[in-house]
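Participant: Each chain, written out:
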Amino acid sequence: MRKLTRREIVKLASIAGAGVLLPREVEAFGGMIDAIVNKMSEGIKGTVGKDIEIPPPLPGVKFGMVIDLGLCIGCRRCSYGCKLENNVPDTINPPYIMVFQTKYKPGQVMTESDLIDKHKAQGTLKYTRLRHDRMYMPVQCNHCLDAPCTKVCPTKATYKSADGIVMMDYNKCIGCRYCMAACPYGARRFNWSKPVIPAENINPLVPIRTDGVVEKCTFCVHRTRRGHTTKCVEVCPNKARIFGNLNDPDSAVSKKITSERNFRLKVGLNTNPNIYYLTDPKRKPMRWMEPLPLDMNIRGLKS
Amino acid sequence: MKVIKDALGYAAESLRTAGLKYYIYCFVLMIIAGVGLSGAVTALAEGHYHSNMSDMVPWGILISGLAFFIGLSAGATMVGLLIHGFGRDDYHPVGTRAILVGMMCIFAAMGCVMMDVGNPFRAMKIPFLLRNETSMFFISSSSYMGFMALLIAELVSTVYVTIGKAGKRGKKIAKVLGIIAVPYALIVVHSFTGTIFGVVKAREMWNTPLLPVHFVTSALASGFALVILVTIITSWVKKKDLVGKDTYNHMGIMLCFFLIATVFLDTFDYLILSYSGTAEGLETWHIFTGRYLPLFLINMVGLYAALIMTAFKKLRTARGLFWSSSITIIAIAAYRINLISIAQLVPLYHELGEIQYVPNMHEVAPVIGLTAALMLLFAILTKVLPLEDTGH
Ligand code: SF4
Ligand code: SF4
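Sequence order for the protein chains is A and B. Here the first sequence stands for residues 1 to 303, where the numbers follow my numbering. Here the second sequence stands for residues 1 to 392, where the numbers follow my numbering.
Derived from the structure by calculation, the hints contain no laboratory data.
Below, in silico cross-link-like pairs of lysine-lysine (DSSO-like), each with a Cα-Cα straight-line distance of 30 angstroms or less:
1) 201(B) to 62(A)
2) 160(A) to 201(B)
3) 2(B) to 383(B)
4) 194(A) to 156(A)
5) 50(A) to 156(A)
6) 240(B) to 314(B)
7) 245(B) to 314(B)
8) 266(A) to 156(A)
9) 383(B) to 239(B)
10) 125(B) to 156(A)
11) 201(B) to 125(B)
12) 165(B) to 238(B)
13) 201(B) to 266(A)
14) 201(B) to 151(A)
15) 156(A) to 201(B)
16) 125(B) to 194(A)
17) 175(B) to 245(B)
18) 255(A) to 160(A)
19) 160(A) to 125(B)
20) 50(A) to 125(B)
21) 160(A) to 62(A)
22) 125(B) to 151(A)
23) 245(B) to 383(B)
24) 5(B) to 168(B)
25) 238(B) to 383(B)
This one's a predicted model, so the numbers in the text were calculated from it and none came from an experiment.
One chain only, chain B, in its complex shape (with noise of 0.2 angstroms):
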């Protein structure tokens, strides 16, 4: 009872405090969340005939929201390992901003699944009441779930422990749990949400064992990209650095690690598709040339820039860090894109001729009221959360 009050009067404290720079930033993303999130409603009374979605590109932007959302929840469970697991306590300030930013993710990524299916209301029945166990889709769904309650563990026994409330026992719970996040997120959630995709064989680009590997290592590195982001903003609003020199040298390298696997897997796999001899291989690599070119070159252009720019030591400060992890966000999110359009875009008969899918503001508003209600959500939770770095 206590410890509740203790929170709420907190919590009132801080907000109160709260300078008005802050709420102005609230206001803003409140009006954002508002204008864009009106689009899901009217997609929930009307469906989504005003998108530009078809029968032949059944799946549009917020799929790869989906896709590029749980990728970047992965930059939580990162921090949560180097903490805990390799005992690298210059991280603590942004342990429990890592997991918040994971959670918003999680949040963003099932809130894109939910305004894209037809039927919310009943998809709220997966995985209890309905259920499909050779689905990816269901067990993907079902890991979120199971990732969100991990998340929100973690939330509860690091702020504990940040309290000062947490015994010995409860800084073990806080220990196993960041270290099972890591496994849990990875072969659970991001090899899955690959899956999603990697199962279909009727979309070649898809249809490759590789596709999980290949979401784990972009989930890494956008989701470390992220975290970083996170630090170095934070850092820059309450003009005092979060982290010192040595960890963001320490975030650059783990970057870069990341990055090269991502880059690694990328390259080959653009070169193998363009010696495609398959019909579909060529479609593939002549819309990849064509007319998604520009993202095409935003994808690799960017993930070998933020690459060649975490290598160097002199780049892996405040910095040059917010641009090289602000370039990986957007290259993975570029490739997300790519990855689930393109795919559908290779027509299954060749009498259909060209297939046209360009997102319109009807699917692209939800997905930015979305991400700003979550920012929103992030700036209320960060403050009124005892932080590290707040000195609780």
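In isolation and in its complexed conformation, chain A is listed as follows (with noise of 0.2 angstroms):
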């Protein structure tokens, strides 16, 4: 056998104690970066929700979530809820929840009897809606099973728990807003600028988000995950939403979505979404005809 050299005894010899070394080394010099990295970007964004508790998932729950739009009269309750619930800054426009105020097509008038006679006698018809010759479609965050926003996100700052909700981590957020583009629903909101939320209305169990990170709908996480329904659900007046566990057979929320009535939003899309909306038959060919001047100041729309 070949006598090795003294430089190539060294050369081994180094290899071998730097593959040794080299993943403890590796691992503290990254919690170094990790720390420096940290304090940099503590000192201008702070950091997230630090004493704030947010319960784990609730094993053998998918939590799923019923629209019937044969119910929704546009009053907005659940969008109004859902930002003071959820700590939603004055400085995102639009809230989580949009509500689309549309026209039926051409020859299919529903007027304030059909409502009437259809949901009297369930009992469920408390209010009216807004307009009679409309319908009104509110949108959210789908949590989508196959959400394109936890795919693209380059940090997983965005992320599918193992109930369904799609969750936000926004120590990990960049800011990139790969997400948003990537976002079918147009779900995702970020703070453009330091969020500003009064004292009063501020809810001790959900995190106050920085500027430079994305936010969007939980389902309530902090509610839910402990055995409550969503803010949206609880405040709608029409019961026109519908929350609960798709896993069991016997939720409301399952018995619903037997509907033959059922659609979801852009399904073409493969996206799977856990929010499912109710049609009425008739209604069945509904389409959004034309497109209406929002009564708010959306940043990016003609307001």
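If you follow the hints, you should be able to join the two separate chains into one complex; please do so.
Facilitator: This is the structure we're talking about:
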């Protein structure tokens, strides 16, 4: 066998030594960089929700929601309730839930009496629509099963949890807004400036975000994982929203989605939304016939 | 040690003998960079509130800048391939400059991303501490770092060859680096940059497997055009041609070839879009031919004009190529702005109505500032580094 030269022995020894040392060294180096970068970013942006505990996902649960468009009256209580519950800053507009006012297809005019006939017997109709010749369409994060936003996020700041909720880790978000570009439902909001929330409105169970991070509907994770329902469901006066466990065949939400009236938004994109809509068979070919000017000032939209 | 001492001595001597015009040029760039980049500092402190981006148009001119500058970096690798792979020694005088141009473009692209993200300090944790392997943004930004490292290695080895300190092995390393940079740039860097947008199924205009191919062809066209432009402008400033007439002719032929591929893809892309049967496709075409018509025309007319110009041998001279290269770069800049903006202007819901986005000075100024800063860095580096044409 050929004798090794001194140089070769030193070379081999250093490679072996590096092999043993490297993982630990790399880890220590990574930790050091992490600490420095955290210090730098915290100095400017701060850390989100250090002392707020987010409950873990409940075993065997897959949350989902049904929105009955026949019952939605366009009052936007869900939108406002959500804003207050989730510490959505005044600097964010539109809120997490947008409620569109849409027209029926020509010739398909829904009258007040239709609604009353349909829902009076069920005892669900407490309020009537904002405009009787219009229908209303709330949209928000669909907590998609195959969520494009979680696939594109470079840092896993947004991720799918076991109970179906698409969550945000605000302390990992770098604010690249790739998730916003990738969401087909326009469900994500960016803190373009430092968030402003009146002190009296702050919910201590929900973290307050910083500027430069994205936020969105969490299916009220602080409530739902503690056995309550979401705020939008709670405040809806006509019970147009139903929330629950899709894994439980006896839950109200599971029963509702067996209805032939059910549909989901943009199914062609295979995002597999966990929010289902119900429409009326009479109004099956529901179309949104014309764009309507919104009565609120939305950044980037003609107001 | 001696090499470093010599290098420092050379750099000091070059800066000492640089004329007044050089210092005035640097000073002007410094002012522009300072003013422009102050916008980025404001954004870091106050957020992007002053920009015209919105929750419906989350990506603005800075992301167009990313796509544009990454494309421009392609020229560097092509020159390396021509020299080392095809033995075109007549490109040698522009070799180091091309690598420097490539490096500056990568810096510019990464700078655009850093100025665009809401939390740039945290973004520095990518790719080692924060990562998601399914994210094209993660893959691309990691690949930019690899590209940067490759270009730095190429620069060092080329400089060693230039000053005659590289032995046989050094020359081989320079050759290997010059050649592998091409597949790395085209397959990894440019294709994956196109894929950032290509995978977004929410936006019909982006969601096509042809987008990475399009990014490669347009990167080659704009990147090579930039190298040509730098060669011509340097020759004018130095009052001495860096390359001969034959090389200009060859440069023109190469540019023409890259333009053919780009024009072909663009033309058929738009043709198919104009026949679109989907609401999103129709809306996209409507915006192209309506609000964004000027940019659309700059893109298409510019590309065709540059293609026709480079097709004629008579126009493949320094003067002719100056115009065709400039037009190519402007046309592809328009394409990048169109691509990024229009896809987001198509409303995700019909009810959102007409979505607006025109970049304002808060967004444009940092891009100009960054460009000026990198032009300054380029001016300094070309002065202090020993280049092929400076007799070292
Ligand atoms: S609706 Fe948008 S934000 Fe919500 S899970 Fe789906 S893709 Fe993500
Ligand atoms: S903005 Fe934040 S959550 Fe969205 S993709 Fe970027 S890092 Fe992920």
